[in-house]
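All chains, full assembly: derive it from the sequences and hints.
Protein sequence lines, in the order shown, are assigned to chains G and D.
Per this note's numbering, residue 128 is the first one in the first sequence, and the count goes up by one each step.
Per this note's numbering, residue 62 is the first one in the second sequence, and the count goes up by one each step.
For the record, the hints were derived by calculation from the structure and aren't laboratory data.
From a predicted model like this one, the values you see are computed outputs, not experimental measurements.
Glycine is no exception: its CB is placed at the ideal position from the N, C-alpha and C atoms.
Some clues are possibly wrong.
Stated by the list, open to error - Here are the computed lysine to aspartate or glutamate pairs in the DMTMM-like style, where the Cα-Cα straight-line distance is at most 20 Å: (1) D/LYS127 <-> D/ASP88; (2) D/LYS102 <-> G/GLU142; (3) G/LYS129 <-> D/GLU113; (4) G/LYS169 <-> D/GLU83; (5) G/LYS169 <-> D/ASP149.
What the hints assert, rightly or not - Derived DEER-like restraints, expressed as beta-carbon distance ranges: (6) D/ASN131 <-> G/LEU233: 42 to 52 Å; (7) D/THR176 <-> G/ARG204: 12 to 22 Å; (8) D/SER79 <-> G/SER179: 40 to 50 Å; (9) G/TYR198 <-> D/ASN131: 12 to 22 Å; (10) D/GLN121 <-> G/TYR198: 18 to 28 Å; (11) G/ARG187 <-> D/LEU87: 25 to 35 Å; (12) D/LEU129 <-> G/ALA144: 23 to 33 Å.
Here is what each chain is made of, one letter per residue.
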Amino acid sequence: QKEVEQNSGPLSVPEGAIASLNCTYSDRGSQSFFWYRQYSGKSPELIMSIYSNGDKEDGRFTAQLNKASQYVSLLIRDSQPSDSATYLCAVDDKIIFGKGTRLHILP
Amino acid sequence: GAVVSQHPSWVICKSGTSVKIECRSLDFQATTMFWYRQFPKQSLMLMATSNEGSKATYEQGVEKDKFLINHASLTLSTLTVTSAHPEDSSFYICSARAPGGYTDTQYFGPGTRLTVL
Numbered sequence: 128q129k130e131v132e133q134n135s136g137p138l139s140v141p142e143g144a145i146a147s148l149n150c151t152y153s154d155r156g157s158q159s160f161f162w163y164r165q166y167s168g169k170s171p172e173l174i175m176s177i178y179s180n181g182d183k184e185d186g187r188f189t190a191q192l193n194k195a196s197q198y199v200s201l202l203i204r205d206s207q208p209s210d211s212a213t214y215l216c217a218v219d220d221k222i223i224f225g226k227g228t229r230l231h232i233l234p
Numbered sequence: 062g063a064v065v066s067q068h069p070s071w072v073i074c075k076s077g078t079s080v081k082i083e084c085r086s087l088d089f090q091a092t093t094m095f096w097y098r099q100f101p102k103q104s105l106m107l108m109a110t111s112n113e114g115s116k117a118t119y120e121q122g123v124e125k126d127k128f129l130i131n132h133a134s135l136t137l138s139t140l141t142v143t144s145a146h147p148e149d150s151s152f153y154i155c156s157a158r159a160p161g162g163y164t165d166t167q168y169f170g171p172g173t174r175l176t177v178l
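The following block contains the structure:
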């Protein structure tokens with residue numbers, strides 16, 4: 128059974144700093160990887176998708192994928208208080224979610 | 062962008078009653094919809110995959126006779142929680158995927174919070 132592992136946090140990061148979120152997955156054959164942000168009481172919203180090894184940047188967000196080591200990470204530059212949320216790592220077509228990392232940006 | 066709606070956004074019901082939740086793709090046709098459940102402080106758990114015009118595929122441990130899914134059209138899937146009990150209280154979220162799209166075109170609804178008394 129596919130598994131996706133994340134540190135549940137909370138991860139506290141000062142405003143303006145870089146937040147680094149990590150995720151590992153068990154199925155070496157996984158092809159699609161996603162980061163979602165979920166605010167309390169709300170449904171997830173897609174931040175980034177990544178399919179090939181390396182970095183993918185979108186604004187303040189950078190997703191990094193290393194298939195050999197089976198991990199995917201999300202960097203948030205210039206962290207803002209509005210970035211405080213739970214970040215869910217998800218893998219593959221049916222979207223298997225990790226348990227999420229709670230990120231808290233300290234103003 | 063693509064919009065997925067859910068109705069109702071919240072519902073409170075008595076134990077033993079059935080509750081129907083609707084998931085609609087408002088501006089695109091979705092051949093595949095997914096139903097998730099999320100308990101407090103836990104991650105989303107996929108319950109079933111709903112394909113238009115065919116039977117839903119349920120994940121292991123999800124009772125298909127308790128959670129009835131109907132995907133009668135390309136814009137509507139329904140989840141009926143039959144004979145609901147307090148342990149069914151949860152946040153139910155649907156998502157819809159546009160036909161021919163990649164997995165990053167999966168759009169989530171706003172969720173339905175079910176409370177069973």
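Each hint tested on the structure:
1. D/LYS127 <-> D/ASP88: violated (30 Å)
2. D/LYS102 <-> G/GLU142: Not satisfied, since the Cα-Cα distance of roughly 24 Å exceeds 20 Å.
3. G/LYS129 <-> D/GLU113: Distance of about 26 Å is beyond 20 Å: violated.
4. G/LYS169 <-> D/GLU83: Since the Cα atoms of G/LYS169 and D/GLU83 sit roughly 17 Å apart, the hinted pair holds (cutoff 20 Å).
5. G/LYS169 <-> D/ASP149: Status holds; Cα separation ~18 Å.
6. D/ASN131 <-> G/LEU233: 42 to 52 Å: holds (47 Å)
7. D/THR176 <-> G/ARG204: 12 to 22 Å: violated (40 Å)
8. D/SER79 <-> G/SER179: 40 to 50 Å: holds (46 Å)
9. G/TYR198 <-> D/ASN131: 12 to 22 Å: Given a distance of about 39 Å, which is not inside 12 to 22 Å, the answer is violated.
10. D/GLN121 <-> G/TYR198: 18 to 28 Å: holds (26 Å)
11. G/ARG187 <-> D/LEU87: 25 to 35 Å: holds (29 Å)
12. D/LEU129 <-> G/ALA144: 23 to 33 Å: Distance hint for D/LEU129, G/ALA144 is violated at roughly 48 Å.
Comparing the model with each numbered hint stated earlier shows that hints 1, 2, 3, 7, 9 and 12 do not hold.
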